[in-house]
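Q: Okay, here's what each chain looks like letter by letter:
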Amino acid sequence: MIRLSIPLRQALGRLSLPVLIAMAFGVMLLGKADALLVERMRTMVTDVVTPIWSVLQRPVSAASDAVTEVRTLWNMRAENERLRTENDHLRRWQDTALALEAENSLLRRQLAWVPEPAPSFFTARVVADGGGTYARAVLLATGPRAPVRKGQIALDERGFVGRVTEVGSRSARVLLATDINSRIPVTFEGTRARAIMVGNNSARPRLQHWPEGQVPRDGDRVVTSSEASAYPAGLPVGIVRWTEGGVPEVELFARLDRLDVVRLFDFGLQGILPPEAVARPEPRPGRR
Amino acid sequence: MKRPKPGKVEPPSGFLRSLDNVMRNSLPLFVTALLAIAVTTQDQGPSLALPVVLPAVFFWTIFRPTAMPPLAVFLLGLLLDLLVSPNFGAITLCLIITYAVVFRMRSALQKQNFYIIAVLYSLVALGCFALSWLANSIGYFRLLTPRFIMYETLVSTGLYPILALGFTAMHKAMERFE
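As they're listed, the protein sequences go chains A and B. Just so you know, we're using full-length UniProt numbering here: the first sequence kicks off at 1 and counts up by one. Just so you know, we're using full-length UniProt numbering here: the second sequence kicks off at 1 and counts up by one.
These are calculated hints, taken from the structure and not from any lab test. Take every hint as true, because none was put in to throw you off.
If you only want the chain B side, here are some residues facing chain A, beta carbon under 7 Å, derived: (1) Ile37; (2) Ala38; (3) Thr40; (4) Thr41; (5) Pro70; (6) Phe74; (7) Leu82; (8) Pro86; (9) Phe88; (10) Gly89; (11) Thr92; (12) Ile96; (13) Ala100.
Simulated restraints, written as ranges between beta carbons of each label pair: (14) Arg217/A with Leu144/B: 29 to 37 Å; (15) Met23/B with Arg263/A: 38 to 46 Å; (16) Asp20/B with Asp266/A: 48 to 56 Å; (17) Ile6/A with Asp20/B: 22 to 30 Å; (18) Met150/B with Ile196/A: 29 to 37 Å; (19) Tyr151/B with Pro51/A: 28 to 36 Å; (20) Asp20/B with Ser64/A: 33 to 41 Å; (21) Leu165/B with Arg217/A: 53 to 61 Å; (22) Glu175/B with Val70/A: 33 to 41 Å.
The C-beta atom is built at its ideal place from N, Cα and C for all residues, glycine as well.
My request is simple: use the sequences and hints to build the entire structure.
A: Written out as C-alpha cells, the structure reads:
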C-alpha cells in the first residue's frame, strides 16, 4: 500500500470534493451526449439489482396488501351494495352475451369461418418501476431464457398495459401507456373511428387525431387498432371520459398503479419499435 | 477475594483488524444503498429514492464522516441515477453538492440537539430538492413544475426522525465494537 505524507493527504482530501462536483457535471453531460451508453449501463445495473428487487418485492407487496385489506374491510358495506347493483346489471349483460355468442357461432358455422390462432404469451412478475429513460415504465424479472422480445405487448388481467422497449438478460422494461412517450393507435368500439391515445405521465392518457365529425363520446369503449402493424386490433384499452376542461381522456382498464404480474403476448408484429438511441439494437439474423 | 472485571477482548491485529474496520465503516453505505434499492421496488409516482437516501447521507456526514466519504456519496448518486432518474446525473450532482454543504457545517451541527438537527435537515432537504428541480429543468431544457419540491421535502423531513433513530442505534453499536 502506498503511504502518503500527511500534507499531501490533506491536499488530496481538500481537492476530492471539487473534483467530484466537476465529475457530477460531467456525468450529466455524458447522459445527454451518449444516451445509448447510459441505457446500456442502466440495463446492466437493473440486471444486477433485479434479484434483490425480487426478494424485496415480497415483503413490500405483503405490506401494501395488508393496507389494501384494511381499506377493503373499512369499505365493505358500501362495496357490497355497489357490487349487488353491478351484479344485477352484469347478469342482464350475461344473458345478452350468451344469446349473442349462440348467434355468433351459428353465423360462423354458416360462413365456414377460420378462427384466429391463439397468441403465445409469457407471464412475468413486475419487480420495480425501473424508471430509466421513461417516467412511466415498469421492470419485469424475466429470467435468463425467457422468450421476451422488444415490441411484445403487455396486458394485465383487465387490459392493455404497454409495450416492451428494452430487454436485458434477466429483465425487461415495459413502457406504460401512460408515459409521455407513448402513442397508441386506438379504435372506438361504438363508431369504429380511429384515434391516437397519447400518454401524458398522468393516470389518464389523452385522445388526439380522431376523424372530423366523429368526436369520441363519453363512455365509448376504446380498443387497440392494427394501424402501422404495431398492435393487434381489438385489445381492450379503456373507456372515453371527457374532462371538465373539455379534453377527451381514456380511463384505462388496466390497473397501472398496482401491477403485480403482466402477460407478454407475442403477436409476431414488427411495427414501429422504440428508437435505437434508447434501446439495445436487435441482433441481425444469422449472427446469433 | 473479588474477581477483577473482565476487560475488552483484544481486537485482532494486522490485516484482519483493517478488514474489520473497512467492513464496519462501509456498513452505512451498504445499508443506504439497500434502502435505495428497496424503495425503488413497486414505487409508482414521484420516486422516493432521493428523499430516503438524503437523510442517510446527512446523518452519516455529520456523525461519522469516515463512513460516508465523498466518493461513496458520488457512487450512491450514480446508483440512484441509473435506477430511477430519467435525467442521468442530476441526483449525483444534488447529492454531492448537498454533501459538500453539510460537511462544512458538520462541526456546528454535531453540538446541536436532535430537534434542532431535524429542523436544519428540513432546510437542507428543501435546498437539495430545489437544486434537483433546477438540474432537471436544465436537463430537459424547460421549466418543470416545482410542486414536487415541497412534496419531496415533506416526505424526507418526515422520514428523517425514523431513519435517524435506526442510524443512531447502528452508530452506537459500531462504537461499541471500536
